[in-house]
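Top to bottom, those sequences are chains W and Z. Note that the first sequence covers residues 813 to 1078 in the numbering used here. Note that the second sequence covers residues 47 to 282 in the numbering used here.
What the hints contain is simulated information worked out from the structure, not anything from laboratory work. From a predicted model like this one, the values you see are computed outputs, not experimental measurements. Take these hints with a grain of salt, some might be off.
[Unchecked claim] A partial selection of chain W residues facing chain Z, derived with a Cβ cut-off under 8 angstroms:
| hint | residue |
| --- | --- |
| 1 | Gly838 |
| 2 | Gly845 |
| 3 | Asp848 |
| 4 | Ser869 |
| 5 | Leu873 |
| 6 | Pro875 |
| 7 | Leu880 |
| 8 | Pro889 |
| 9 | Ala893 |
| 10 | Arg897 |
| 11 | Gly899 |
| 12 | Glu920 |
| 13 | Ala1061 |
| 14 | Asp1066 |
| 15 | Thr1068 |
The C-beta atom is built at its ideal place from N, Cα and C for all residues, glycine as well.
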Amino acid sequence: MIELAPRHKIGLSLPNPVMVAAGCWGMGSEYGGLVDVASLGAVVVGPLTATPRRGASPPRLVPVPGGLLLHTGLDNPGLPAAIRRYGRIWARSPVPVLLHLAATTSAEVTAACEQLGGVEGVAGIELGLWDRIGPTEAGAMVAAAVAAASQPLLVRLPLAQAHELAPIVVQAGAVALTVGAPPRGTAFHQGRFVTGRLYGPFVLPLALRALRQVVGLVDVPLIGCGGVYSAADAQAFLRAGATAVQVDAAIWQDPTAPARIGREVG
Amino acid sequence: MSTLLENAFVVEAVPGDPYHCFRLHTPTIARSIRPGQFVSADLGGLLRTPLLPAAVGEEGLDLLVPPDHPAVALLPGQEVSLLGPLGTPLPHPTPLTRLLLIADLHRLPALLPLAHRAVAAGCSAALALSTPATGALFSFLPPALEVHTLQLHDPSLLEWAGWVVAAADPALYPVLAEEMRAVRMEPATGFAHALLLPPLACGVGACRGCAVATRRGYRLACTGGPFFDLMELEVA
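Next up, chain W with everything else stripped away, as it sits in the complex (with noise of 0.2 angstroms):
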């Protein structure tokens, strides 16, 4: 077993040290018969916030060399719809369910992890910080969060920034750090710019780096993020120092990917 809050009263522990990522899992349903999901240590439902957002305008996926750039804009039904549709499917889950909370303002954030605590079947809050944020921002949005949370709260924090947040969003109580959000990019595309976040395999040497500058920094689990598509990888981001690592958009290509991952590095 993998423990991802150690210092948390509740904890976190996952069977195994392979998740998939906020953005690729979805709300919980539409993998559902497709993926083994016990092969997995975790999954992170959503992007969510607070009220529903209608998301972006299209076109939000542009095919880029390499990989591709998606914006949706955090298209999502808000957090009391999605606790209403897929609180159910969040209970029944094998495996421990993360939710991922986009940071909005201090008072949503609040609000929702207050929310979350009377919810079964959401083991984890996972808060996915805004790029560019800065860290007294970080560190009050961080603070208010794990205030008003009752389950452990790990952080996002976005690739760039990770080793000047990570020890600030510690400081205000995070029990353990994803590193990191998807780099953002501008394609140019049916004559219009689309700036969104970038997925494809030459993300991992760039979370790689970001990961190995925060280890070292602080004293809580860290969890590797970005281009994983092999065991391989995985492991790179555990020798790295990572705890745990989270596959995001390998599990599009083939669906299989994280279980058959999690079974190799597990």
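Guided by the hints, dock chain Z onto chain W, whose structure is given.
Chain Z only, in chain W's frame:
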């Protein structure tokens, strides 16, 4: 039936003009796929490739793809991972009468199951091509299908049609919608459907990447499409 993964194998691969023809042995998906639905194939890239069958048999799917399609690299005996059925079956009016298909050469194979089904049911069916076609195309069409060249601003086919299904360049859809409004004032819901399939990542609704703008909000092509009510499309 829910979406499943099946390792299909290529039974037949015949290069040709205007289409390369493939037959995939994929009995489980073939038994559950409905008209309007599709599959995605792992052809070796980072994104799966959506494939709309040109025909569905008991044991598999027939595909017709243009010569520049990534599937042309498939060889007989090769295994290919398919994810499907994806999307929502295309609702068709009953009884089916006076079917008008509008397509370009590239997307036409997606409409062939409908064409064959309509003709077999004794329904009058016509095809209006929005791009030039060679004589070789006719070998892929049911003989009873009337073939026209799409004439924009000529209302006769739209006046005749009882149901319209289009698979063409999305830039054509606003023009078609306007023509339909001119001919029929307010076409009824379901009178016209249009194929709109942006690039897919997951294919199951998890990534939210294949959104299509409709008058009822964004809908995902992978779960709510790939055929949409033409009059509800925001591009229309």
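Consistency of the hints with the structure:
no.	hint	verdict
1	Gly838	holds (3 angstroms)
2	Gly845	holds (5 angstroms)
3	Asp848	violated (11 angstroms)
4	Ser869	holds (6 angstroms)
5	Leu873	holds (4 angstroms)
6	Pro875	holds (6 angstroms)
7	Leu880	holds (6 angstroms)
8	Pro889	violated (11 angstroms)
9	Ala893	violated (14 angstroms)
10	Arg897	violated (13 angstroms)
11	Gly899	violated (18 angstroms)
12	Glu920	violated (20 angstroms)
13	Ala1061	holds (7 angstroms)
14	Asp1066	holds (6 angstroms)
15	Thr1068	holds (7 angstroms)
Of the numbered hints listed earlier, those contradicted by the structure are 3, 8, 9, 10, 11, 12.
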